Amino acid sequence: MQLYINGYSLLGGHNLPASLLLQSVLNGDQAFVQSANDPAPTIATEDIEECFPSRSLRQLGHYERATLLGVSLALRSANITDYADTAIVLATGYGPAQPTFDFLDSILNYGQTLSSPLAFSHSVQNIPAAVLAQKLSIEGPCHTVCQLNHPVATAFRLAHDILHTGLASTVLLAAIDEVTAPLRHIRQALLQEKIDAHDVCTASLPLGENAAFFCLSAQRSEQSKALMTIADSSEPFDVPAFYSGPPKYAPATMTFGAPFYGQNPINHAVDCALALSWFDRLHWTGKDAPQTIVCQHTDTTGHSLALSLRKQ
Amino acid sequence: MSTRQRVAVSGTGCLCAAGITTAECLSSLDKKTAPPVMPFLFTVENPQPAFHCNTEQALLHIQQHGEHLIASRAVDALKGLNRTAQLAIITVTDALIQAGWTIKELQQKRVGVCIGTSVGASLDFFEYYTSLQANNPAGTEQVKRYRISNPAEAVARFLGLNGPVMSVTNACSSGTDAIGIGALWIKNNLCDIVIAGGADALSQVTYIGFQSLKITSSQTCRPFDKERNGLNLGEGAGICILEAKNALTQRDRPAIGYIAGYGTCTDAHHLTAPHPEARGLTKALRMAVSQSAVATSDIGFINAHGTATPTNDRIEGFFLQQHFPQTPFLSTKGATGHTLGAAGAIEAVFTLGHLNRQLLPASPGFIHKDPQVGLEPTKKPTPVKTRYALSQSLAFGGNNSLLILQRGDR
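Going line by line, the protein sequences match chains U and L. By the count of my numbering, the first sequence reaches residue 328 at its end, each step adding exactly one. By the count of my numbering, the second sequence reaches residue 557 at its end, each step adding exactly one.
Chain L with its partners taken away, still in its complex shape (with noise of 0.2 Å):
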């Protein structure tokens, strides 16, 4: 990105398994984290561990800490809607609360939604389908719900926005991609604000998908370890509020931190694994570094995408050889599993707290050194002295992307 207009984050929201704030979800981090339970939202027949979200709480914790309009209206907005779009809008009233925005006063302002998705934007009715095949087309509530649960589009419902919205649906970087779109929006003055992240529900169509692929993993996930053996799928949100820095200057607020580059390119190599010398990410890295003010150099710690998958895992660590040999890295899938659309999104709002706490957290789940990774994540609490962290997230269908992340002012 150009230095003309510098994209800073006025607000964060998180919801995971780790947490139903970012504070929260920093604060388990750096403890021994829960573990991933077997799916209660739905049935399947091999269930395997994931990692769900406390809604409950998060839609509580709103209420107490909201003013009373925006609170009781996400209340509202919630009904109808599927759970990513759920997941969507309770992120985005906790992160918009950090903000210090009301709703009256965003109505003034053009705002963009920009949310990364893929549970969220899929056709998931598949109760009605299962019907609609047994000649026995049931009631159309599936149906009608999917129609208005697009997250981004729920999203600038709720608030009453008339920016542009849009929906990014580039699988597991969808949530990063977002963020870096929305980022543009400020930086090209499309906007005021850009409400950006991502969101993803566990689902059980998207359950069996990923265990049919053979990926995932029936303990606990190990990010990096030596007996990995595949992912925990999760759900949440992230979100992060984007203002252009001079704006949130003047409305005398701090930056929890900056955006100070956005890389994407595709392997074009195959359709579900990564290229086996990770060129999209390389290609992705030079590209963030080029559109910013920021050497690899400069670049303290590596929010890596470490999904747990043999292939992944191995890939990214051949990257970091290559251009982080000595940079402190780790994975936080061990804590949240693979929220999929929202990991990104959640992974950039953990690295901005990384970065003003000057502190990373031990790479949960990983024990073992891998020999085909080479490196090895945190282990334990690591100090870093750094302005500057790169977040990453590879995807299926070869999409790579990062952001350059800079220290908050405070």
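With the rest of the complex left out, here is chain U (with noise of 0.2 Å):
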């Protein structure tokens, strides 16, 4: 698999730029650290006004206004204006999780008769990449990966597949999980149970509602930042590495971002900005800047799988 990554942007993790959460991720500033207990930062949307008319946000919830802000940014960076040929890919472990609920609440306030079609709509697993298709014009590809385990590097690999099929020449690949307070309280009712959800939560670690999102391409351009391929995950890194995934399966010699930033499904990504925040010299972080990061990501059954992004 090998794919340039021309732009990208990180949301959530405190809403802190990346540079600035990256600098604290290296450091271990214990200072962003959170307690496993203290609610976790959602990610601040405003700025989705400065790119789209407000009226035009109207039945938007915060996962797709989230989801718009962070490929709108993503876009900015890559400097692409022309949407042509372009592939959306949405990465995400539960889906937009709180219209699900908002349905379920319809239902219970008001009665199956009388439940709400809009909350059912934005409900369906694959509606924040519609609007993502709708609000920028894009008609190309539009996939929807949802799942617990390894839901950042399947994207990747179909934005691979699909760029190299020649089925559109960029693909905007977005990765979002959203935090909700019926997933808080799960989270505290498999903790008493003492069953080991990394994905919820574990007693040591708080929840992080967080984002990434990349514009990808197969051919090499100016505005191309890094290449990411797949690497070994046998092997120990000699480059410097960020681990997501369990904190049981962590090894000492990565960079395990989940204690400052919180767990999420799609952690991997949140890594993936922070490497290649790691490689623009602008957001200088006091250490050398190296030429090869990897990411790698573990799922609740030990299984890793680990991209390697080289700078260009």
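In short, the hints are calculated from the structure, not lab data. Treat the numbers as computed from the prediction; the structure is a model and nothing was measured. Possibly wrong hints are sitting among the right ones.
As the list claims (entries may be wrong) - The calculated lysine-lysine pairs, modelled on BS3-like cross-linking and capped at a C-alpha distance of 27 Å, are:
#	chain 1	residue 1	chain 2	residue 2
1	L	K361	U	K151
2	L	K526	L	K516
3	L	K527	L	K179
4	L	K430	U	K151
5	L	K373	L	K178
6	U	K264	L	K516
7	L	K178	L	K516
8	L	K516	L	K361
9	L	K361	L	K373
Could you use the hints to bring the two separately framed chains together as a complex?
Below is the structure:
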């Protein structure tokens, strides 16, 4: 698998700029570490109204607004203004969770026959990707990958297949999961049953509402910031490496960001965005920027997939 | 798709209201199929008919016809899973039996799993949520079941596979997309074998949701019919075992069919209604044709999405008039209901079956031509003489996906 990353953006992570979040993660800055019981800060989406008229954002929920904002920022980062021949791939662990619970609320509050069709339609997993397509007038392939294990690597794989088969020349890849009150309750319930639910959270880590977005191509361009390939996750890495997944599998030699930005099924993408931020000379971190960074994710079964990013 | 690597289908499985195997489903379509019944898996305030599967008979079938290890392992694998994952595992087992693969053989190959679903990946724990909102949280069984019931992951776990695993959640085009994506994995030599298809079970929450949209019917649905007034929901699973043609030849087995082309585009028009001029579907057709060596004039028949909603069937009619005005077409949702994430996969399996028999059944539920549609689907068994067919799916969010399928070797 080989993909060029031409633009990116990062949302969540305490709503810090990527450079500051990276700095805190690399330096082990405890000031940003939250305890497991602290409510996870939600992604700030106010800036979306600088990109789209507020009227056009009516009926869009938080998840959709964050997705639209993140993609818009990634497109700006890649200096892309022409969306012809573009595909969308969205990776998520839970999908649009709050609209799902909003629909359930409408059933409980008003009865089945008066339940909300708007909430139901927005709870369908592929609607956030469809919102992107509609607001950006993108008419290419539009896919949503929804799974708790390896959603990000799987989505990058799909992006690669789309690009290298010629189904599109650019892929916008969005990785996002939101934190909701019911999921926090579920986490507590599972913890009380002593279940190692890393995707919900373990006792030592907070939940995090995070999202990362990428503009991808098969060919290198002037905008290319990194080349992504699949790394052999069975070998120790002699380059800087980030880890996401259950704490019990986290190697001591890798940077584990979840204590800083919270556990989330799509953290693999957050680490990729942090790696790109590290490459960006404008975001000096006090440490020499490496030429290659590996981002490894391990799922609940202990199966690992690693993505290698080489600076361009 | 380029012609580098032909993607063959070595086995299929199909479980829906029409039957528990591919052969039984095709046979049912030739006869008058059973109508939908009121839902009995859950209670609803305003019941409308839906199409159910007979999972008990399907399980019995794989126990009787499968090698001991795969059958017994399938029975064990079903425990603790939700119904969608169970439908997937049962149907995958049957497809692997048809393809002649044992579990031990599979585990020595690079095997990927790509399953389309909608209900199967949704946060479907209504009872738990209800108890939570009543400040009286119930046990977490529903939640724990959800966490292990992603159908693609459940299939990979059941078979002990380490290849790529993808859960495609593109609403009603998920099954078509999963097969198209799985075919890319074969073409790009990522996998030796791909288990591709779709699965979705009837679910109380989804049922209520579709009723809230006012697009369901209280009678048996009638795709493309002048009197059609909405869809019936259904459940099921459709699975294709994909392999490179060369590998299948080395196994000395014939291909049931081929995935000759795949196209997918979004309308970027409306979140729940298709583009009035089928813009995305037309682009997807062009994409599939350009990816394959097949011209539209080579297409001998079309499996339409045909949900029996006034809007969908009218838009598809417009598309067919534009591109295939003389080509026979049908919708099978009058016999299966709309199985959501499974629909595209079930219908791909049906299409391969029609290709191999060179015979189309009558389109279940259709009686009278609708002038607004302008065309009518098959009204009686219709012989065809063709190597290629199209199977298309239109989804929420404006997704349009289609497969160009090629007749098999036998």
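Here is what the structure says about each hint:
1. Between K361/L and K151/U the alpha-carbon distance is near 26 Å, which keeps this suggested pair within the 27 Å criterion.
2. Distance check on the hinted pair: K526/L and K516/L sit about 10 Å apart at the alpha-carbon level, within 27 Å; holds.
3. Between K527/L and K179/L the alpha-carbon distance is near 11 Å, which keeps this suggested pair within the 27 Å criterion.
4. The straight-line distance between the Cα atoms of K430/L and K151/U is roughly 19 Å, inside the 27 Å bound, and the hint therefore holds.
5. Distance restraint check for K373/L and K178/L: the Cα-Cα separation of roughly 22 Å lies within the 27 Å cut-off, and the hinted pair is therefore satisfied.
6. For the hint linking K264/U to K516/L, the alpha-carbon distance of about 63 Å lies beyond 27 Å, and the restraint is violated.
7. Of the pairs offered as hints, the one joining K178/L and K516/L holds, with about 21 Å between alpha carbons and a cut-off of 27 Å not exceeded.
8. Under the criterion of a C-alpha separation no larger than 27 Å, the hint pairing K516/L with K361/L is consistent with the structure, at around 23 Å.
9. About 18 Å separates the Cα atoms of K361/L and K373/L, which keeps this hinted pair within 27 Å; it holds.
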